[in-house]
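Colleague: Sequence:
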Amino acid sequence: MQVRALPVLQNWDCHSCGDCCRSYAVPVTAEERRRIEAQGWERLPEFQGVPYFVKRNGEFYLNHRADGGCVFLGADKLCRIHGQFGADAKPLACRIYPFLLVPAGDHWNFGLRLACPSAAENKGRPLSAQAGDARQYADFFESTAVKGSLDGPPPPLYGNQSVGWSDVGRIATAFSKLLANGADPFERRWRKLLFVVSMLRKAKFDGGGDPKKAVVGGRLSELLHVLGTAAEEEEPAEPGEVARPGWVGRTVFRQLVALFARKDHGAEKGEAQRGPVRRFASAVRFATGRGRVPKVHAVLTDGATFAAGERPLGALGADAVALLTRWHRLKVESLQFCGAPNFGLSVWDGIESLALTFPAAMWLARVLVAGGSEPGAAVTQAVRMVDDNFGFNPLLGSARQKFALRLIAARGDLPKLVAWYGR
Numbered sequence: 001m002q003v004r005a006l007p008v009l010q011n012w013d014c015h016s017c018g019d020c021c022r023s024y025a026v027p028v029t030a031e032e033r034r035r036i037e038a039q040g041w042e043r044l045p046e047f048q049g050v051p052y053f054v055k056r057n058g059e060f061y062l063n064h065r066a067d068g069g070c071v072f073l074g075a076d077k078l079c080r081i082h083g084q085f086g087a088d089a090k091p092l093a094c095r096i097y098p099f100l101l102v103p104a105g106d107h108w109n110f111g112l113r114l115a116c117p118s119a120a121e122n123k124g125r126p127l128s129a130q131a132g133d134a135r136q137y138a139d140f141f142e143s144t145a146v147k148g149s150l151d152g153p154p155p156p157l158y159g160n161q162s163v164g165w166s167d168v169g170r171i172a173t174a175f176s177k178l179l180a181n182g183a184d185p186f187e188r189r190w191r192k193l194l195f196v197v198s199m200l201r202k203a204k205f206d207g208g209g210d211p212k213k214a215v216v217g218g219r220l221s222e223l224l225h226v227l228g229t230a231a232e233e234e235e236p237a238e239p240g241e242v243a244r245p246g247w248v249g250r251t252v253f254r255q256l257v258a259l260f261a262r263k264d265h266g267a268e269k270g271e272a273q274r275g276p277v278r279r280f281a282s283a284v285r286f287a288t289g290r291g292r293v294p295k296v297h298a299v300l301t302d303g304a305t306f307a308a309g310e311r312p313l314g315a316l317g318a319d320a321v322a323l324l325t326r327w328h329r330l331k332v333e334s335l336q337f338c339g340a341p342n343f344g345l346s347v348w349d350g351i352e353s354l355a356l357t358f359p360a361a362m363w364l365a366r367v368l369v370a371g372g373s374e375p376g377a378a379v380t381q382a383v384r385m386v387d388d389n390f391g392f393n394p395l396l397g398s399a400r401q402k403f404a405l406r407l408i409a410a411r412g413d414l415p416k417l418v419a420w421y422g423r
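Here the sequence shown is numbered in this note's numbering, starting from 1 and rising by one per residue.
Because the hints were derived from the structure by calculation, they are not lab data. One or more of the hints may lead you astray.
Okay, derived cross-link-like pairs now, DSS-like style, lysine-lysine, Cα gap no bigger than 30 angstroms in a straight line [what the hints assert, rightly or not]:
id, residue 1, residue 2
1, Lys269, Lys402
2, Lys204, Lys402
3, Lys202, Lys77
4, Lys269, Lys55
5, Lys212, Lys269
6, Lys269, Lys77
7, Lys123, Lys269
8, Lys123, Lys177
9, Lys213, Lys202
10, Lys269, Lys213
11, Lys202, Lys177
12, Lys123, Lys77
13, Lys202, Lys212
14, Lys177, Lys204
15, Lys55, Lys77
16, Lys177, Lys402
Restraint-style ranges between C-beta atoms, simulated for each label pair [unchecked claim]:
id, residue 1, residue 2, range
17, Gly182, Leu395, 30 to 36 angstroms
18, Phe403, Lys177, 27 to 33 angstroms
19, Gln84, Lys177, 28 to 34 angstroms
20, Phe403, Glu42, 17 to 23 angstroms
21, Glu121, Arg406, 31 to 37 angstroms
22, Lys204, Glu374, 22 to 28 angstroms
23, Gly317, Gly132, 32 to 38 angstroms
Predicted model only: the values in this text are computed from it and were never measured. Using N, Cα and C, we set each Cβ at its ideal position, and we do this for glycine too.
Please model the complete structure; the sequences and the hints are all you need to start from.
Modeller: Shown next as structure tokens:
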């Protein structure tokens with residue numbers, strides 16, 4: 001399968017910050033364990049009595065030291081396995097991060113996780129210059145995949161409504177163009193996109209069983225263009241013209257923000273996640289929305305309050321807008337927002353789940369600014385926190401959280417949340 005680099009301008013190279021070596025529980029296969037054990041680390045004094053792996057719930061992971069770093073992370077913030085034996089000697093999870101490969105019919109979409117600091121800051125070479133590494137990872141996945149798992153049907157639009165892979169790509173391209181429209185503030189771009197989705201939910205793409213009336217190909221492109229034009233007329237120009245989200249919407253939203261913000265392992269693990277009592281108390285606090293924000297992530301200050309999350313952040317700088325644009329266009333064009341990469345969500349549900357990450361990041365940015373962060377740095381940190389969980393935190397894929405997303409959308413609160421927290 002061909003690997004396609006996305007047209008979004010996104011750069012990346014590893015800058016040896018060591019963040020991923022402190023943040024993640026890295027799974028290792030039996031073959032990877034044997035390879036690492038044969039490298040002779042036990043001959044070094046600093047590895048005496050130090051296990052290389054830990055076992056949790058029947059799975060093996062790389063061990064971490066007391067300071068949160070991987071046992072193979074050197075004082076120079078470089079991987080010692082990589083330095084001694086080369087990149088191919090590392091576990092696959094370490095080698096591929098922060099790349100994403102999303103199967104899309106007859107090809108792979110090549111994307112990136114902005115949880116990585118260098119990715120969020122757009123530092124390094126264009127992704128297109130790293131196609132060789134992507135091809136290597138794609139070859140591995142293709143050789144190990146269960147037969148038929150990579151050439152399956154595209155995710156449904158919603159219910160039993162579906163189109164082919166090429167039309168899913170056509171929809172993603174149209175959505176990406178809406179998000180790239182620099183004539184609008186970023187929050188309005190999302191409101192216009194959500195208007196288009198609300199109209200598309202009413203369409204019957206199969207033509208009522210008549211193939212000649214099916215909304216595919218050129219008809220679909222025309223429909224997307226017409227709805228995009230209508231959105232310009234329908235959506236208010238300013239967020240202040242949009243009604244405030246309701247009490248139910250804000251309450252459910254805060255509970256979803258808690259999942260987008262939480263860090264359950266690594267050096268940045270939040271204190272609020274240490275033990276069932278603290279986790280329960282944290283959930284209650286997010287539900288009520290009063291007092292201090294629980295430290296579900298180590299970067300949240302002790303004095304952060306829910307009131308700070310309701311204070312407008314003000315006009316975003318050009319760098320922050322560029323980051324938000326890159327982030328969401330990457331998720332849309334890679335198709336990470338729907339199907340298997342996002343807990344099996346349909347195209348419409350998936351794009352709404354991605355839309356929710358914008359107000360979630362802006363809420364967190366407000367809280368971080370109240371804690372002393374500069375606004376641009378706060379937006380970058382908030383994006384990294386949310387993207388760390390989007391599509392990866394299994395709690396976001398639970399039936400309860402999928403219901404919460406549908407509830408927010410069904411009540412009409414999603415564009416209101418975008419406008420309210422985009423101020």
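Colleague: Give a verdict on every hint.
Modeller: Do the hints match the structure? See the list:
1. Lys269 <-> Lys402: Status holds; Cα separation ~25 angstroms.
2. Lys204 <-> Lys402: Holds, at about 24 angstroms.
3. Lys202 <-> Lys77: Distance of about 53 angstroms is beyond 30 angstroms: violated.
4. Lys269 <-> Lys55: 19 angstroms, holds
5. Lys212 <-> Lys269: 55 angstroms, violated
6. Lys269 <-> Lys77: Roughly 19 angstroms between the alpha carbons, so the hint for lysine 269 and lysine 77 holds.
7. Lys123 <-> Lys269: Holds: lysine 123 and lysine 269 sit about 26 angstroms apart, inside 30 angstroms.
8. Lys123 <-> Lys177: Holds - the C-alpha atoms of lysine 177 and lysine 123 are around 24 angstroms apart, at most 30 angstroms.
9. Lys213 <-> Lys202: 15 angstroms, holds
10. Lys269 <-> Lys213: 53 angstroms, violated
11. Lys202 <-> Lys177: 22 angstroms, holds
12. Lys123 <-> Lys77: Holds - the C-alpha atoms of lysine 77 and lysine 123 are around 18 angstroms apart, at most 30 angstroms.
13. Lys202 <-> Lys212: Holds - the C-alpha atoms of lysine 212 and lysine 202 are around 19 angstroms apart, at most 30 angstroms.
14. Lys177 <-> Lys204: 23 angstroms, holds
15. Lys55 <-> Lys77: 25 angstroms, holds
16. Lys177 <-> Lys402: 27 angstroms, holds
17. Gly182 <-> Leu395: 30 to 36 angstroms: The hinted range 30 to 36 angstroms holds for glycine 182 and leucine 395, with Cβ atoms some 35 angstroms apart.
18. Phe403 <-> Lys177: 27 to 33 angstroms: 31 angstroms, holds
19. Gln84 <-> Lys177: 28 to 34 angstroms: 47 angstroms, violated
20. Phe403 <-> Glu42: 17 to 23 angstroms: 50 angstroms, violated
21. Glu121 <-> Arg406: 31 to 37 angstroms: With Cβ atoms ~35 angstroms apart, the hint holds.
22. Lys204 <-> Glu374: 22 to 28 angstroms: 49 angstroms, violated
23. Gly317 <-> Gly132: 32 to 38 angstroms: 35 angstroms, holds
Consistency note: the structure conflicts with the earlier hints numbered 3, 5, 10, 19, 20 and 22.
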